[in-house]
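Peer 1: Going down the list, the sequences are from chains A and B.
Take -15 as the starting number for the first sequence in this note's numbering and just add one per residue.
Take 412 as the starting number for the second sequence in this note's numbering and just add one per residue.
Don't read these hints as lab results, they were simulated from the structure.
Please note that the accuracy of each hint is not assured.
From the derived model, a few chain B residues whose C-beta atoms are all more than 12 Å from chain A [said to hold, decoys possible]:
#, residue
1, 421
2, 462
3, 468
4, 497
5, 525
Label pairs and their computed distance ranges (CB to CB) [stated by the list, open to error]:
#, chain 1, residue 1, chain 2, residue 2, range
6, B, 546, A, 104, 29 to 37 Å
7, B, 540, A, 46, 46 to 54 Å
8, A, 217, B, 546, 21 to 29 Å
Even for Gly, the Cβ is constructed at its ideal location relative to N, Cα and C.
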Amino acid sequence: MRVPGVIFADEGLIRSMDDKVPEQVANVAKLPGIVKASYAMPDAHWGYGFPIGGVAAFDPDEGGIVSAGGVGFDISCGVRTLLTGLPLARVEAVKVALADTLFARIPAGVGSTGALRLSAEEMDAMLVGGARWAIEQGFGRPEDIERIEERGAMSGADPAQVSAAAKRRQRDEMGTLGSGNHYLEVQHITEVFDRATAESFGLVAGEVVVSIHCGSRGLGHQIGTEYLREMAISAPGEGIVLPDRELACAPIRSRLGARYLGAMRAGINCALANRQILTHLTRDVFREVLPAATLALLYDVSHNTCKVETHVVDGKPRQLFVHRKGATRAFGPGHSDMPRVFVATGQPVLIGGSMGTASYVLAGTRHGETAAFASACHGAGRSMSRHEATRHWHGRRVVDDLAARGILIRSVSSRGVAEEAPGAYKNVTEVVDVADRAGLARKVARLEPLVCIKG
Amino acid sequence: MDSQHSCGELKVGWEHFAHGADIGVRGIGVTPDEAFEQAALAVTAVIVDPARVEAREMIEIRCRAPDLELLLADWLNALVLAMATRNMLYGRFEVKIDAFALTAKAWGETIDRERHQPAVEVKGATYTALSVRRRDDGAWVAQCVVDV
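Using the sequences provided together with the hints, build the complete structure.
Peer 2: Below, the structure written as structure tokens:
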């Protein structure tokens, strides 16, 4: 190991973590050019090379690498939250109609297709322009741009490095939610922990928000697949010894590294555009069902990325390539690289729960910048395999049980619902409490679901 | 979830194995070709019961890789790409491996969301728990974790 491994957890979470987490944290610590430490967030679990919940920063001046596995297959998977500005009672009154209309309009699940077909030129423009492109096409409001990381468009994207197969895979998938743990939820704010910050974020106890969790769809998956292969084959020639093939990587300052960065940034823009289009579809549904909802964007965060950031290490500012695989960026108060509206509070850190369980809004802290390169957890993390979940639960029963608690689930797949049963996930509250206690981010508000559209 | 039958002394078939957030797929066969066919069935079974997929259309897939393990990942990823871009599910496979080159046929049909009730989309075959090996009993085992 070139640097230490650091796992943020309490005793309970450490005990429930699989053995692969420390092994993978240690493997990442062996990669060239890693700086300071290899980190695992409190929701860490067995991933691909990097643990899910892994954070690692690399210095190009010290032979640092970029890793396709360290970003993951679902490039820029993330969460955005919209504020309705309405109290719970207003939404409860139309909840069933809202659930049914959202389910009818939001393409979700295997084989679903979006209404938008892009020409080759439009695809390339989307891959450069991200959410800004989507807004220019009419999918959103100009003020949304300020509420998205990278102001809606990741710079340095190079569509020429994205293969024809990846673009073909995206052809029918613009504005689709995907499947697995991706969702669109209508949630209500059940608890506020930090009133001043909540107020500044526009979060009021008893009011309703909408959160969207999804990523770069087929395009990102294909970029991940193709570059992982190329990096795995080329690494030995670069003199990189891989403790695990899945850690496949390339020097940042290499042709392959540069090509991957160009493609991966295009993947980030695809995810930002995708969430923007889904936002537009959501606003359309509310306009019909509940026109009083404002649906202003709180923030859009990504949790599978590699980004170039300046961090102070041993008193010196250094430009580093920070990989966050299942970890959320959490810039603290005063950071220059985030919207001005969050300068006093730190950025919103959006933590998705699982179907039927709570989600959280946290805020970045100054301490988090030194603790783990300004990173926090991203969700609950599974505690049970999909296979085991289908033996424990039946989809119909899960839907009925949640309905009895006032949570409406809409999904095309009964088995998919069983695999995503709330009991198959770790307790998100424990994960968030540890992130808060470790100072990675601080708790602002707790959200609980009313309606969940699942893939 | 699994499906196995006997072929002489050997158990041929596919199974899933647990991986934290995702699913491992494992094909077992008398030859590497058969293990690859069974691994593909295991991928389909992540999404849908393979018995529900009718063999209405056939596609051909060719891959070449530096070794058998990467060839397995390439084969499964070629199927994932075909499923995603053609909006298809595949339930029957015929694989021929010559050195590290694969030629295959896959039979299937267009996804019918009502009838197939697809559970989850496969994003890609990963190199986690990736191996192609001959067991002591002579059976070939081809496996990896798929990201869902």
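Peer 1: Which numbered hints are broken by the structure, listed smallest first?
Peer 2: The structure breaks hints 4, 5, 6 and 7; every other hint is satisfied.
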